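Now for the letters of each chain:
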Amino acid sequence: MNTESTTEPVIEANQLDLTFQTNDGPVHALKDVNLSINKGDFVSFIGPSGCGKTTFLRCIAALETPTGGTLTVNGMTPDEARRNRAYGYVFQAAGLYPWRTIAKNIKLPLEIMGYSSAEQDERVSKVLDLVDLNGFGGKFPWQLSGGMQQRASIARALAFDADLLLMDEPFGALDEIVRDHLNEQLLALWARTEKTIGFVTHSIPEAVYLSTKIVVMSPRPGRITDVIDSPLPKERPLDIRDSPEFIEVAHRVREGLRAGHSDD
Amino acid sequence: MTSTGVRSFWAVLTVVGVIILFWYAASVPMNIKGVLTELERAGESVDPPNAADRRDMNEFGLILDNSFAIDETWEQDRPRLPAPHQVAEELWDSTVEKKITSKRSLIYHSWVTLSATMLGFAIGTGLGILLAVGIVHSRVMDLSVMPWAIVSQTIPIIALAPMIIVVLYSVGIQGIIPKAIISAYLSFFPVVVGMVKGLRSPDAMQLDLLRTYNASQSQGFWKLRLPASMPYLFTSLKIGIAASLVGAIVGELPTGAVAGLGARLLAGSYYGQTVQIWSALFAAAILAACLVGLLGLIERSVLKRMGMAQ
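Here the protein sequences line up with chains A and B, keeping their order. No gaps in the numbering here: position 88 of the first sequence is 88 in full-length UniProt numbering, and each next residue is one more. No gaps in the numbering here: position 32 of the second sequence is 32 in full-length UniProt numbering, and each next residue is one more.
None of these hints come from the bench; they were simulated from the model. All values reported here derive from a predicted model rather than from experimental measurement. By construction, the Cβ of each residue, glycine as well, lies at the ideal position given by its N, Cα and C atoms. Heads up, a few of these hints could be off.
Using 30 Å as the maximum straight-line C-alpha spacing, the simulated DSS-like pairs for lysine-lysine come out as follows [claimed, not checked]: (1) LYS39/A to LYS126/A; (2) LYS197/B to LYS304/B; (3) LYS223/B to LYS104/A; (4) LYS234/A to LYS39/A; (5) LYS223/B to LYS139/A; (6) LYS304/B to LYS104/A; (7) LYS98/B to LYS197/B; (8) LYS126/A to LYS234/A; (9) LYS139/A to LYS126/A; (10) LYS223/B to LYS197/B; (11) LYS126/A to LYS104/A; (12) LYS126/A to LYS304/B; (13) LYS223/B to LYS304/B; (14) LYS197/B to LYS104/A; (15) LYS304/B to LYS139/A; (16) LYS223/B to LYS126/A; (17) LYS197/B to LYS238/B; (18) LYS104/A to LYS139/A; (19) LYS139/A to LYS197/B; (20) LYS238/B to LYS223/B.
Taking beta-carbon pairs under 10 Å as the criterion, some of the chain B residues facing chain A (in silico) [unchecked claim]: (21) TYR213; (22) ASN214; (23) GLN219; (24) MET230; (25) LEU303; (26) MET306.
The shape of chain A in the complex, shown without the other chains:
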């Protein structure tokens, strides 16, 4: 779909393997994962729990170390990419520091990375605007709703201009209505910033609505069963979810999930 994506992939996984050694014996979390993600892609990872979707995202972020195969991020090893602050990571919980205001929470990565205080202020107001939290910079996290807190944590991940945004079920703990709203906002944000996004979810409509590429995974061992390039246009109003194309993609995702399940 994307004509500009003929360049070097942002993320490239080749025969990626990860086995955890646990007290109950080895757990094969990822097996033979091959995937390439291009610049500007919005890639969703979907699958039942234990399929390795979060583990794969954590490998990209160098929070886990693969035990086999190769993985590059921006042409570097994941750990080099982490040191170069190549990505922003959004966790399932907002994880804002209760002792910092929203603005100060967003400044946290900027302080760590040594931005000047003038630049910190400028960036904070820019990303607060991006996530539609203008005027909330001086509030403490407990004064905000769950959805607003999660938006603040996205702003924190955006603050330092990493081209890659990794999101691990960021809206998993929120209710349906808030989730729809945030999905819409996330698409708008993606269009404005042209970032590459890796997004873990277990919701089929969410994955189909958001993504240009949907990676369907299945458990034991964690592996990719299908990669779907979405035919949906980049411009997506919420009611696109009633269109035949949307329903067809959702159907294919469901088939992929079922196929992954039938062989265990």
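Using the hints, position chain B against chain A.
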């Protein structure tokens, strides 16, 4: 005041009232034999009239036979258990009525104990925080320091205090320092335990987040671990300061009753001055309550300013 405030005020008052009543009631059997002996010597007729006969009698039986003497059990000079008003009078006498420079002023003695307490608390807190930081950051320290810290608290301080004083005296250190060291010895432990827990309180996600920023260990300490440990620190400090006060009082016992609340306790027991002992005990309790209360106020304002209390 809200209605729940009024209700809890009355509840507290009721509890205090019950304790005082119980105390007065307990003073009667505790003191009845002494009172009857005094009355017998003063020529009054008591039943039975012979001290030897009374010695083996049950206190409650004596009270029934000599109910006229009940008032006297609350007014003795050296009762076994002084009545509340006697302790209150002594407290008033030795604080408000005496000049604070007087050796008989409880304020003077409290100040002596308080200064050692504060110095010991400062040393203990500083040491406790340093050890906790080391334990959290170094596995070797975790394995080597923590067991010793625990062992240190199993030794009765009353056994250790005289040795600390003797050893320090032999190298020429006396006065406030040995007391402060004993006090620090008791107060560092809750600070170590609380701070280790506090500095380890950030969860795996918080630590992962800092890792994604490629934050250094010291950034992780100053920006995450230390602020996250603040509620734990204050809880430990409240325990620590009470322990400090106990340490300072214990440290005063072996020095021969010169000055301080510990000295008052010791002097009181030398001369059978139970009223003096009880008033010194109350002075210590009031002092501890004030110190803990003060820390509570500081805690509230610090955590409020940090946005961690509403």
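Against chain A, run the beta carbon of MET306/B and see if the smallest gap drops under 10 Å.
-> 4 Å, holds
Are the Cα positions of LYS39/A and LYS126/A separated by 30 Å at most?
-> 23 Å, holds
Measure nothing beyond the straight line between the CA atoms of LYS197/B and LYS304/B; if it is 30 Å or shorter, mark the hint as holding.
-> 21 Å, holds
Going straight from one Cα to the other, do LYS223/B and LYS139/A come out at no more than 30 Å?
-> 19 Å, holds
Do the alpha carbons of LYS104/A and LYS139/A lie within 30 Å of each other, as the hint requires?
-> 10 Å, holds
With a cut-off of 10 Å, does the beta carbon of ASN214/B approach a beta carbon of chain A closely enough for the hint to hold?
-> Hint holds; ASN214/B Cβ to chain A Cβ min 5 Å, cut 10 Å.
Within a Cα-Cα threshold of 30 Å, do LYS126/A and LYS304/B meet the stated pairing?
-> 28 Å, holds
Restraint status (C-alpha distance of LYS304/B to LYS139/A at most 30 Å) = Judged against 30 Å, a Cα distance of about 13 Å means the pair holds.
Given the hinted pair LYS126/A and LYS234/A, is their alpha-carbon gap at most 30 Å?
-> 24 Å, holds
Below or equal to 30 Å on CA atoms is what counts here, so check LYS126/A against LYS104/A.
-> 14 Å, holds
Does LYS223/B pair with LYS104/A here, judged by a C-alpha cut-off of 30 Å?
-> Measuring from Cα to Cα gives roughly 11 Å; hence the hint holds.
Restraint check, 10 Å cut-off on beta carbons, for TYR213/B near chain A | 5 Å, holds
This entry does not satisfy hint 7, going by the numbered hints stated previously; all others are met.
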